[in-house]
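Chemist: Just so you know, the sequences run in chain order A and B.
The numbers in the working numbering rise by one with no breaks, and the one at position 57 of the first sequence is 57.
The numbers in the working numbering rise by one with no breaks, and the one at position 35 of the second sequence is 1035.
Hints should not be assumed to be uniformly reliable.
[Claimed, not checked] Distance windows between CB atoms, simulated: (1) A:Ile56 <-> B:Thr1009: 22 to 30 Å; (2) B:Phe1069 <-> A:Gly16: 47 to 55 Å; (3) A:Gly66 <-> B:Thr1009: 42 to 50 Å; (4) A:Lys73 <-> B:Gly1040: 19 to 27 Å.
[What the hints assert, rightly or not] Listing some non-contacts, in silico: residues in chain A with all C-beta distances to chain B over 12 Å: (5) Val19; (6) Ser28; (7) Ser30; (8) Ile56; (9) Lys57; (10) Gly58; (11) Gly66; (12) Ser69; (13) Phe76; (14) Glu79; (15) Ser82; (16) Ile107.
Worth flagging that the hints you see were computed from the coordinates, not collected in a lab.
Cβ coordinates follow ideal geometry from the N, Cα and C atoms, glycine included.
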Amino acid sequence: AQRVTQPEKLLSVFKGAPVELKCNYSYSGSPELFWYVQYSRQRLQLLLRHISRESIKGFTADLNKGETSFHLKKPFAQEEDSAMYYCALGAGSYQLTFGKGTKLSVIP
Amino acid sequence: ETGVTQSPTHLIKTRGQQVTLRCSSQSGHNTVSWYQQALGQGPQFIFQYYREEENGRGNFPPRFSGLQFPNYSSELNVNALELDDSALYLCASSPGGERRGYTFGSGTRLTVV
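Extracted from the complex, chain A is given alone in its bound form:
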């Protein structure tokens, strides 16, 4: 069975500080990992995916198959980064398995 764990419900950081949102997954096959973000009063939207190896809005995430992790990182947090972040696993069929989410609060 697939499982995604985001251990932190809430993460508060000061503006300019580094951010790391943790995500661990459980899946025996070859996974696809995604990060989705939901800003206040907006819909869920894709932030980045591991196969693209891209940096969006300064965020990066590296898939570590040994540690089964896909942590989201940003070197310098900005106030507009405050949002709900969901890690998601794509495995087998087309659906995504989401974690419970981490609320990031950036303190001015």
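Fit chain B to the known structure of chain A by using the hints.
Modeler: Frame of chain A; chain B shown alone:
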């Protein structure tokens, strides 16, 4: 380019009733997926429709059913509503069954009393 639209935005139903939620997919997208998001939880996959056929289903009972129409819009039907069905229901469309291209709607907030 229009996005994914869902209707209604909110509704309240009584336990035991039936409900239909609607979703219009983004232009050019032929696949629609439905997710249930309970309070404080991440979205949970219900099922997916591709070319009017269900081609994937999560761990939901048969009283959750759906339809996809020739224009790729979709309905989610829930029979015999239970209190635990209270949640935000999200629709996501994508091109060619490709989950990487998911576009989510704003959701329908269902409250069962």
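Chemist: Each of the hints needs a verdict: does it hold here or not?
Modeler: Results of checking the hints against the structure:
{"no.": "1", "hint": "A:Ile56 <-> B:Thr1009: 22 to 30 Å", "verdict": "28 Å, holds"}
{"no.": "2", "hint": "B:Phe1069 <-> A:Gly16: 47 to 55 Å", "verdict": "50 Å, holds"}
{"no.": "3", "hint": "A:Gly66 <-> B:Thr1009: 42 to 50 Å", "verdict": "44 Å, holds"}
{"no.": "4", "hint": "A:Lys73 <-> B:Gly1040: 19 to 27 Å", "verdict": "25 Å, holds"}
{"no.": "5", "hint": "Val19", "verdict": "19 Å, holds"}
{"no.": "6", "hint": "Ser28", "verdict": "18 Å, holds"}
{"no.": "7", "hint": "Ser30", "verdict": "15 Å, holds"}
{"no.": "8", "hint": "Ile56", "verdict": "14 Å, holds"}
{"no.": "9", "hint": "Lys57", "verdict": "18 Å, holds"}
{"no.": "10", "hint": "Gly58", "verdict": "21 Å, holds"}
{"no.": "11", "hint": "Gly66", "verdict": "24 Å, holds"}
{"no.": "12", "hint": "Ser69", "verdict": "17 Å, holds"}
{"no.": "13", "hint": "Phe76", "verdict": "27 Å, holds"}
{"no.": "14", "hint": "Glu79", "verdict": "24 Å, holds"}
{"no.": "15", "hint": "Ser82", "verdict": "18 Å, holds"}
{"no.": "16", "hint": "Ile107", "verdict": "23 Å, holds"}
Of the numbered hints listed earlier, not one is contradicted by the structure.
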